[in-house]
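Heads up: take any position in the first sequence, counting from 1, add 92, and you land on the working numbering.
Honestly, the hints are just simulated from the structure, not real lab data.
Careful, some of the hints might be misleading.
As the list claims (entries may be wrong) - The list that follows gives simulated cross-link-like pairs (lysine to aspartate or glutamate, DMTMM-like), each with its CA atoms no further than 25 angstroms apart:
#  : residue 1 : residue 2
1  : Lys140    : Glu203
2  : Lys156    : Asp174
3  : Lys154    : Asp119
4  : Lys368    : Asp129
5  : Lys214    : Asp252
6  : Lys373    : Asp392
7  : Lys156    : Glu197
8  : Lys246    : Asp271
9  : Lys140    : Asp158
10 : Lys247    : Glu191
11 : Lys214    : Glu197
12 : Lys247    : Glu197
13 : Lys336    : Glu353
14 : Lys156    : Asp119
15 : Lys373    : Asp174
16 : Lys246    : Glu203
17 : Lys269    : Asp301
18 : Lys247    : Asp207
19 : Lys368    : Glu353
What the hints assert, rightly or not - FRET-style restraints, in silico, Cβ to Cβ:
#  : residue 1 : residue 2 : range
20 : Val312    : Arg370    : 31 to 37 angstroms
21 : Thr323    : Ser166    : 26 to 32 angstroms
22 : Ala397    : Thr337    : 33 to 39 angstroms
23 : Gln221    : Lys373    : 32 to 38 angstroms
24 : Gln307    : Gln221    : 36 to 42 angstroms
25 : Gln307    : Ser166    : 43 to 49 angstroms
Every residue gets a Cβ at the ideal spot worked out from N, C-alpha and C, and that includes glycine.
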Amino acid sequence: MENLIALVDCNNFYASCERLFQPRLRDRPVVVLSNNDGCVIARSNEAKALGIGMGDPWHLNKDKFDRHGVVVRSSNYTLYGDISARVVTVLRGFTPELEVYSIDEAFLSFEGFADPMAHARKLRGTVLQWTGIPVSVGIAPTKTLAKVANRLAKKGEGRDGVFMLTHQHEQIAALEKLDLTDLWGVAGRLAKRLAELGIHTPLQLRDADPGILRQRLGVVVQRLALELRGTPCHEMALSVPDNKTILASRSFGRAVTERSEFEESVASHIARAAEKLRRQKLTAGAVMVFAQTNQFRTQDRQYSASRTIALPVASADTLVLTNAALRAAGCIWREGFRYKKAGITLLELGSASKVQGDLWTPADTPRQRALMQAMDRINAEHGRDTMRLAVSGVKRGWTLRSEQRSQRYTTSWNELLSVD
DNA sequence: TCTGGGGTCCTAGGACCC
DNA sequence: TCTGGGGTCCTAGGACCC
């Protein structure tokens, strides 16, 4: 069987974690609350049966929870992260290729296994035995179909929490049981736009013309439809990529009107974000601060704003340059109305281009040498190994920012290159 | 009074450049 | 100096996921 993917999903993960160490919570409705005990983010099956919804605010439901004897827990992410790692360790024993998709889900390549169902059942039993966490397994040729299979496994289709969708007729039968918004990647807005195109069911989406989907709704929806047909569009990501953003945010919990209090909050959030950044051994290319008013107070005028400050940052062997800078350095030249890039591997990194440090060695021109010397000089002045050359909109002018004090230097290109 | 926090990817549109 | 077309860069925002 080619390209079989298993999605392993922990059942009611946070609630299951709480139960591990509190046996008295077994068979009782359990909910786990978000950071500030604001709203429900996990529910045991018993809690779901009481009609408690994902995201239900606690302060509006306290009475109901009391009435039904619901056990309410604050979240403990350290604990959940630890148990998640244990589950992943067990899963690694069942496949050579695994993608950790979220704290409670992983995609496993089941390619080449003689009896995937038996393998999955064994996996499920082992995870439960070794970690105490119940999981469901969905198996299919694509990630999107594996999600579908997993969903049905949770609903009791298949056997022992395992459900497989290998044949087309099975896939079609499965899709007939779902709504559009049950699909991975379809929420309310998209469902509405699909409906405008006359697509109301997962099966209709599966059989829609991919070219028209692409044209009308974008590449994401096109991929989704192809995946539903069994054509993989999402590769397995075997290693965990570096974060592209790190966010530290909190709701205030009450109205903040004093500037000083606001500033204090911003400072502490930035400190927390920076801690995460250092723990992951990353550097930041920019800092963004945002704030918004309480969207639930619809009687109030709403406001939101954000500011971003670019930081000049690069690892020791990487320079971050814009194309304009490369062009100026003679690495990119113009031919007619076309630009050509000379022997450079340009990796798109956000909207800047990331250029490997050895770029300068093979293509060594006087202009490039001058640029490097100029940058060296400025770096030396500010005690940095590397710096970013940012191109401002000033005519024939370039803005350099040192990392140290975010100072700005505006100078002409020729002035920059006049190295003494 | 109290309504989460942390992510990813894609697209549209304007400024700017040559 | 004018011209037009096309590319890049940047920002904001939408949409979705867990």
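Verify the proposed pairing of Lys214 with Glu197, using a straight-line Cα cut of 25 angstroms.
-> holds, 17 angstroms
For the pair we were handed, Lys140 and Asp158, check the Cα-Cα distance against 25 angstroms.
-> holds, 15 angstroms
Has the given pair, Lys156 with Glu197, been kept, meaning a C-alpha gap of at most 25 angstroms?
-> violated, 31 angstroms
Cβ-Cβ distance between Val312 and Arg370: within 31 to 37 angstroms?
-> holds, 34 angstroms
So the hint says 32 to 38 angstroms: do the beta-carbon atoms of Gln221 and Lys373 match that?
-> holds, 36 angstroms
Please work out if Lys140 and Glu203 have their alpha carbons no farther apart than 25 angstroms.
-> Outside the cut-off at roughly 35 angstroms; violated.
Satisfaction of hint between Glu203 and Lys246, Cα-Cα up to 25 angstroms | holds, 23 angstroms
Decide if the proposed pair is consistent with the structure: Lys246 and Asp271, CA atoms, cutoff 25 angstroms inclusive.
-> holds, 16 angstroms
Between Thr323 and Ser166, does the C-beta distance stay in 26 to 32 angstroms?
-> This hint is violated: roughly 44 angstroms between Cβ atoms.
Keeping to a limit of 25 angstroms between CA atoms, is the pair of Lys156 and Asp174 held or broken?
-> violated, 32 angstroms
Note whether the CB distance of Gln307 and Gln221 lies within 36 to 42 angstroms or breaks it.
-> violated, 51 angstroms
Could you see if the CB distance from Ala397 to Thr337 stays within 33 to 39 angstroms?
-> violated, 18 angstroms
When the structure is compared with the earlier hints, violations turn up for hints 1, 2, 6, 7, 13, 21, 22 and 24 and for no others.
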